[in-house]
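Peer 1: For the record, the sequence lines run as chains A and B. For what it's worth, the numbering used here labels the leading residue of the first sequence as 1, then goes sequentially. For what it's worth, the numbering used here labels the leading residue of the second sequence as 1, then goes sequentially.
Warning: the hint list may mix true and false statements.
Said to hold, decoys possible - Per the computed footprint, the stretches of chain A lying under chain B, defined by three or more beta-carbons under 8 Å from a beta-carbon of chain B, are:
id, stretch
1, 194-207
2, 220-230
Unchecked claim - Derived Cβ-Cβ restraints for the label pairs, each shown as a range:
id, chain 1, residue 1, chain 2, residue 2, range
3, B, Arg-364, A, Gly-86, 26 to 32 Å
4, B, Ala-358, A, Arg-290, 46 to 52 Å
5, B, Ala-65, A, Arg-61, 36 to 42 Å
6, A, Arg-107, B, Arg-335, 32 to 38 Å
7, B, Arg-39, A, Thr-277, 54 to 60 Å
8, B, Ala-91, A, Asp-5, 54 to 60 Å
If you're looking for bench data, these hints aren't it; they were derived computationally from the structure. A virtual CB, placed ideally from N, CA and C, is assigned to each residue, including glycine.
There are 2 protein chains.
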Amino acid sequence: MMITDLPGGVTAPDGYLAAGVACGIKASGLDLALLVSQRPASAAALFTTNRAAAAPVHLSRRHLAATGGHARAIVTNSGCANACTGAAGDASARAMADQTARALGCRPEEVLVASTGVIGVALDPAKVSAGISAAVGALARAHGDLAARAIMTTDPWPKAHAVEVATPQGRFRVGGMAKGSGMIEPSLATMLAYLTTDAQVSPAALRLALAEACDDTFNAITVDGECSTNDSLFALANGASGVRIDGRAEREALVAGLRAVARELALGIVRGGEGATKLVTVRVTGAACREDARIAARAVANSLLVKTAVHGGDPNWGRLVAVAGRSGAAFELSRARVAIGGVDLFTGGQPHDDRAPAAAEVLRGAEVTIAVNLGTGGSHEATVWTCDLSAEYVRINAEYRT
Amino acid sequence: MMITDLPGGVTAPDGYLAAGVACGIKASGLDLALLVSQRPASAAALFTTNRAAAAPVHLSRRHLAATGGHARAIVTNSGCANACTGAAGDASARAMADQTARALGCRPEEVLVASTGVIGVALDPAKVSAGISAAVGALARAHGDLAARAIMTTDPWPKAHAVEVATPQGRFRVGGMAKGSGMIEPSLATMLAYLTTDAQVSPAALRLALAEACDDTFNAITVDGECSTNDSLFALANGASGVRIDGRAEREALVAGLRAVARELALGIVRGGEGATKLVTVRVTGAACREDARIAARAVANSLLVKTAVHGGDPNWGRLVAVAGRSGAAFELSRARVAIGGVDLFTGGQPHDDRAPAAAEVLRGAEVTIAVNLGTGGSHEATVWTCDLSAEYVRINAEYRT
Chain A
1 MMITDLPGGV TAPDGYLAAG VACGIKASGL DLALLVSQRP ASAAALFTTN
51 RAAAAPVHLS RRHLAATGGH ARAIVTNSGC ANACTGAAGD ASARAMADQT
101 ARALGCRPEE VLVASTGVIG VALDPAKVSA GISAAVGALA RAHGDLAARA
151 IMTTDPWPKA HAVEVATPQG RFRVGGMAKG SGMIEPSLAT MLAYLTTDAQ
201 VSPAALRLAL AEACDDTFNA ITVDGECSTN DSLFALANGA SGVRIDGRAE
251 REALVAGLRA VARELALGIV RGGEGATKLV TVRVTGAACR EDARIAARAV
301 ANSLLVKTAV HGGDPNWGRL VAVAGRSGAA FELSRARVAI GGVDLFTGGQ
351 PHDDRAPAAA EVLRGAEVTI AVNLGTGGSH EATVWTCDLS AEYVRINAEY
401 RT
Chain B
1 MMITDLPGGV TAPDGYLAAG VACGIKASGL DLALLVSQRP ASAAALFTTN
51 RAAAAPVHLS RRHLAATGGH ARAIVTNSGC ANACTGAAGD ASARAMADQT
101 ARALGCRPEE VLVASTGVIG VALDPAKVSA GISAAVGALA RAHGDLAARA
151 IMTTDPWPKA HAVEVATPQG RFRVGGMAKG SGMIEPSLAT MLAYLTTDAQ
201 VSPAALRLAL AEACDDTFNA ITVDGECSTN DSLFALANGA SGVRIDGRAE
251 REALVAGLRA VARELALGIV RGGEGATKLV TVRVTGAACR EDARIAARAV
301 ANSLLVKTAV HGGDPNWGRL VAVAGRSGAA FELSRARVAI GGVDLFTGGQ
351 PHDDRAPAAA EVLRGAEVTI AVNLGTGGSH EATVWTCDLS AEYVRINAEY
401 RT
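Looking at chain A on its own, in the form it has when it is part of the complex (with noise of 0.2 Å):
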């Protein structure tokens, strides 16, 4: 198996479509894609864990559910979140599904809907409804970069990725677009990312494939420790490129190709964090249980002193033992680790504060690892991803809407 990096992004893999259209719900900008299989898809998805999810995520659940895991297009919207809208936000989730639907020919079940904004506001239909209209009649392979930038809030780019996996089989390819943490107006962020490939696959295996993909990717990063109402992360596989996922080589092939993209949208989600200057890689070893070392690195990456430090070029690991020592994660003090771009700053309970000009030197990069042994002599390990926090992510979520 090889996997080689491809230009574009969702309508890399063969038998998609997109557009991306500006339709009003923003002041200014691109805020309507539409993603479409030309041919039935397999689909699976990850829906944010939030008991206010909002009327979308509501909707394509009970639709991948109607259909057993298949779908044609995801239609999204970005300006407005379409949370806590009650039941007139339901139907404004159906009714983008049912008119995209109705233009594809297609049943409604077979459209998912995602929506990203301010949360509270209703959608509009009419400007939704003439969005859509012109989303249709623009779909084009060329136009998948469109998409990318329609479904921003304010992120700083579009993040957008793709590959090609090549297998005994043959050649099968995976894109990808997300959009991450940017405010609008500002409300809550949300995570939104779609996966397209042309392997051929049950719902059932791209399910548990897009889990796996998931788990040490997408679920692995952390701007603010937030989960929105409406995070979704979406998969398709359409089955052109001829290639079938039917043995345990194959599968892995999949993962590897949908975890490839995952990878480079959800670091990207990460980079173009809000305020954010640097990239956090945040490795737990050491840990006694593989959750022991998942609830550490969590705890290090959402911290704010050390998000402030790793701002500010402080080499400060008394925080980093001091955020260890209360994530909950088992942990020996006289054994611990610590150490911040390659050097050691703490180790077998004792300070190298002779080290921390090394340090402070390596934390004026723009990308930071960060190693945290728990000292418990357990072989479990963990990496999560984060952002520094700066000043501008106060400014940027203290201003006032109005």
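Got chain A sorted already, so can you dock chain B onto it with the hints?
Peer 2: Relative to chain A, chain B alone:
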């Protein structure tokens, strides 16, 4: 039972002396505090759950176990946490207790020790020793104020409070002092709190009363969700008032007195949180169980999106719904309610955006109440106090230590 505020702090109850001196651990200012009971006192304490707990925490825990809950003095230094300092740190903490005991004529086990300041830096034994000598010479009932200043790191002001509790059996007093989240140089902040009373109570009953009084005061505040290596809460009861705590009514009076002082100190810590400009009371009701109420209240109180919105004066109820929804607590969107400063912004699944200006007006004040009903129909509730998140917080914590 009647509770009346008194002037003063830890030395307001009878039979306590205190001192606060400067011995050069900090670059400037008082940095060593001594609190002494003139007679043997029952003692109880609650310590950090951090698995990287500092040397003084381990020592104080051992001393309380050795005496079965008795103490004569608490010696505290600021400017150095004596955390992550290995065997030398353990020796330094022991030396603090030993010297204090010799000077006061009691056993070392009757001395409790606390430290706060930079992690991973060794205490200078000569400075600490000189400080203890000076403090013993300066002990006076009038010096409670100096002690409250000597435990500060970069707290914006000292925190002290005292009350008198009148019961049918007579009057007793409760006093206290605390330091909160301030940074030094900067490193991890630490919460230290000291409660004194002249009530006469067994160590076991004092422990129970302290835990009960702490539950909805010190355990219900958060500045940045961190838990330091040195957090300690001490209580001394020396019986000087002659009021014995042996019946149910007296136990309740003791808890009420401890709680009254603890509450003032805890709120003072939040008000003086790093970069804080507002005290925020988060009140969660309608929870299915007590634990759910706490989980949701803590999630709201620690949410960066909520804390930045409050800082910016933005009545962003969408963030409150979203955080309650992702908190893990049972949550029913269609019956949930959100109010800011008594202004209902979301009820019965519907926003009331016309009321946003009234809520924004409330948010201009220095004290704000956020109320979230989880909509489960349950009757459980919890209150957590927090502060807003400002760019100043980032500045304080991002500044490089050199």
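Peer 1: Does the hinted range 54 to 60 Å hold for Arg-39 of chain B and Thr-277 of chain A at CB?
Peer 2: Distance hint for Arg-39 of chain B, Thr-277 of chain A holds at roughly 58 Å.
Peer 1: Three residues or more, CB to CB closer than 8 Å: is that satisfied between the stretch 220-230 of chain A and chain B?
Peer 2: Satisfied; 6 residues make the cut.
Peer 1: How does the Cβ-Cβ distance of Ala-65 of chain B and Arg-61 of chain A compare with 36 to 42 Å: does it lie in that range?
Peer 2: violated, 54 Å
Peer 1: Could one say that the CB atoms of Ala-91 of chain B and Asp-5 of chain A fall in the range 54 to 60 Å?
Peer 2: The hint (54 to 60 Å, Cβ to Cβ) holds, given that Ala-91 of chain B and Asp-5 of chain A are roughly 57 Å apart.
Peer 1: Between Ala-358 of chain B and Arg-290 of chain A, does the beta-carbon spacing fit 46 to 52 Å?
Peer 2: Given about 49 Å between the Cβ atoms, the range holds.
Peer 1: If you look at each residue in the stretch 194-207 of chain A, do at least three have a Cβ nearer than 8 Å to any Cβ of chain B?
Peer 2: Three-residue rule not met by the stretch 194-207 of chain A, so violated; n is 0.
Peer 1: Looking only at beta-carbon atoms, does the pair Arg-364 of chain B, Gly-86 of chain A fall within the given range of 26 to 32 Å?
Peer 2: Roughly 30 Å apart at Cβ, these two residues keep to the hinted range, so it holds.
Peer 1: Assuming the hint says 32 to 38 Å, is it satisfied by the Cβ distance from Arg-107 of chain A to Arg-335 of chain B or not?
Peer 2: At 33 Å between Cβs, range holds.
Figure legend: structure checked against the earlier numbered hints; hints not met, in rising order: 1, 5.
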